[in-house]
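**Student:** First to last, the protein sequences are chains A and B. 1 is the number of the first residue of the first sequence in my numbering; add one for each residue after it. 1 is the number of the first residue of the second sequence in my numbering; add one for each residue after it.
FYI, nobody ran anything at the bench for these hints, they're computed from the structure. Errors might be hidden in some of the hints.
In silico EDC-like cross-links for lysine to aspartate or glutamate, where the CA-CA straight-line distance does not exceed 20 Å [to be verified]:
#: 1; chain 1: B; residue 1: Lys14; chain 2: B; residue 2: Asp24
#: 2; chain 1: B; residue 1: Lys14; chain 2: A; residue 2: Glu330
#: 3; chain 1: B; residue 1: Lys80; chain 2: A; residue 2: Glu440
#: 4; chain 1: B; residue 1: Lys49; chain 2: A; residue 2: Asp137
#: 5; chain 1: B; residue 1: Lys80; chain 2: B; residue 2: Asp64
#: 6; chain 1: B; residue 1: Lys80; chain 2: A; residue 2: Glu141
#: 7; chain 1: B; residue 1: Lys49; chain 2: B; residue 2: Glu26
#: 8; chain 1: B; residue 1: Lys49; chain 2: A; residue 2: Glu330
#: 9; chain 1: B; residue 1: Lys80; chain 2: A; residue 2: Glu330
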Amino acid sequence: MVCLSQQQIDILFPAHIAVNRALEITALGPSLRRRAPWLQHGDLLFDRFRMATGPATRDLAELTDTAGAVVLAGLDGGPMLAGTVLQQPGGFLLTLNHMPTGNEFELDCSDFAPGDMHLSNLMLIRVQNALIEESRDVAAELAAERQRVVDVIDRVGRMSGYLAHDLNNFLSVISLNAKRLLRTEMRDDRQRHCVNVIAETVERCSDFTQGMMTLANQRSDSRLPFAIDAAIEDATALFRSACGVRITLQLTLQTGNATVNAAANGLINSIINLLINARQAMPSGGTITLSTQVVSAGTISPPRPQSASEFASEFVVVTIADEGSGMPPEVLNRAFDLFYSTKPEGTGVGLASVRDYAEQMDGWVSLTSTPGVGTIARIYLPVVAQQQRVKHPRMSVTVDVPPQQLRVLVVDDEEHALEALSEFLEDENLAVTTARSANEAREHLMNGVFDVLVTDVIMQGEDGIDLSHWATSRQHDLPVILMSGFVPDAAKLQAEWLFVRKPIDPDLLCQMIRSAASEGGQETGP
Amino acid sequence: MYGMIHRAIRDMVKTRAGAAAWQDIEAQTAAGPAEMIGVLVYDDAITMKLLSAAAQRLNLSLSDLLEQFGRHWIEYTEQKQFGRILDLAGSDLVAVLQNLDRLHAAVLAAMPNARAPSFTVTQVQENTLILQYRSQRQGLEPLIKGLLLGLLNRFQLYGEVQQIQGEDNDSGDVVQFRISHRQREFAQ
């Protein structure tokens with residue numbers, strides 16, 4: 001026989017109810033006194049509760065000492081209680097505890113006995129609800145952050161495109177006029193050298209606008225097969241310029257004739273970005289190593305990511321290694337995040353554009369870094385199999401066509417570019433008609449016959465694309481060459497149209513004009 | 001510590017010094033949205049870095065920042081579903097303090113990688129009590145003091161929290177706080 005004090009009963013069974021043999025309430029546990037003040041001594045038990053489960057009896061004597069025998073549900077929204085029935089002198093003690101159902105009045109720890117599992121479960125449910133609320137908040141924040149970044153990227157992209165377009169227009173004027181000068185007789189070698197420097201600098205500047213176009217997702221550079229080592233060798237002067245005078249650039253090129261199908265200028269830009277980062281990590285100078293090699297896909301560790309080409313059995317690895325300060329893990333983990341930079345003047349764009357380029361070329365880029373030792377960046381690009389190494393037909397410029405007096409309509413709203421370009425083309429024995437607007441071009445097309453239409457894309461008023469659609473609707477076999485520093489939406493173009501990026505290489509344009517005219521059967525007699 | 005703490009730090013900095021101040025802290029500590037996921041448990045070093053940066057930004061000593069953060073934590077959780085957990089812990093100061101370990105046990109069940117301190121209430125008298133605090137972490141006593149002050153405020157109590165060390169305890173691993181409190185009197 002166990003004797004419990006009233007205090008002990010209050011602690012062990014906070015919701016207990018004592019009744020006499022007439023089932024009138026004679027005592028209530030502290031929880032019920034607090035939570036259910038409508039329960040009064042003298043109330044009949046079954047006027048306030050009903051049996052929720054168990055035997056359908058109100059004879060408590062039958063339920064005495066049977067474990068879990070009693071589950072009482074309060075009437076009119078009262079509590080749900082469960083426990084056993086004990087006999088005591090003069091009546092019964094219902095040793096009850098709360099059974100939370102989720103829709104009752106507020107309970108707290110004081111309403112439960114120590115060790116009551118219902119309390120632990122209730123606590124756990126509330127913790128999980130709180131964590132779910134937190135997860136919802138985090139998801140909303142991340143979605144908003146993502147949208148903000150997308151908006152910024154979009155704005156930056158568009159601005160980059162606009163800036164690149166305008167810059168390319170100006171570069172085109174400089175380039176064309178520099179080439180005009182080079183064609184003239186210059187007795188002074190220094191003058192010729194200066195003009196050459198102008199022309200080369202325009203080309204370099206054009207490479208940077210290519211980077212801006214890439215960032216703007218404006219793919220102004222075609223994917224073509226090319227030999228990696230040869231392309232890097234050709235750009236060595238650029239790379240050394242990017243490294244500066246305090247840095248020694250060591251080249252170790254070991255891919256032989258390994259060919260990748262990629263945008264060559266994008267690769268050069270990516271390498272320049274990595275070289276600049278390496279240089280900034282070595283303010284006191286040092287050595288940067290630029291190396292290339294071919295690796296088998298099966299030997300790469302860690303293995304290629306899912307975004308990379310799954311068909312390539314070999315990859316070219318372009319490695320840039322520096323001796324700089326390196327990056328701690330928390331910085332390395334975020335190195336490719338757009339707009340993330342640890343440098344006060346940093347834009348946080350360079351590494352993101354390198355990653356984007358590599359992924360667009362079905363490759364990837366990796367970074368490893370050791371603080372105090374240096375950083376190694378690796379660009380992986382799939383090697384093109386031998387049988388895939390063919391020239392893109394639309395860029396084929398090796399056309400054995402004798403010079404003909406082709407009639408070319410050149411349309412550009414930039415006066416100086418138009419003047420320089422037309423002069424160049426006329427020197428190449430082309431019959432050039434110029435127009436400074438789409439309207440002017442329409443008049444020429446309605447009143448004359450042309451073999452090729454060469455038009456700028458972005459012009460005031462009607463743009464070159466609309467003009468080209470109009471022109472080809474009148475003359476279906478009219479070849480069209482679009483000029484721009486801004487790649488138009490491919491959906492607006494016709495598949496057979498050609499595209500040449502600004503700044504214009506007039507020699508390339510000449511070849512494209514002859515090639516387009518030849519394919520279109522537009523050659524005229526001598 | 002779990003990410004909920006980081007979010008509360010962020011809330012405190014933004015409330016007191018603006019969004020730009022928090023952006024500065026993010027840049028300084030290399031913390032970003034990935035460190036603000038409430039349900040994840042992070043290395044204590046990240047949390048301490050955020051607290052130190054917040055102290056610097058708010059021109060507070062780390063000790064003062066911890067105490068003020070403790071108070072802020074109570075206010076912050078009251079606005080969220082975590083406030084419902086505090087409701088469950090009890091309707092008065094003593095009940096809540098006595099049930100803190102049960103509350104933390106539920107947190108640990110939901111987030112097994114978390115580490116939680118332990119609290120034991122001793123010597124309860126009419127207007128004072130002694131609270132024993134045990135933790136695997138060191139140096140967070142000011143934060144605990146702030147939490148206790150926050151709880152006093154939650155229950156509309158005036159009071160003081162005093163850290164006492166080593167009384168009635170030989171182990172030295174236990175930190176004790178004396179909490180004295182009285183009900184606020186509101187003007188009629």
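**Student:** Which numbered hints turn out to be false for this structure?
**Tutor:** 2, 3, 4, 5 and 9
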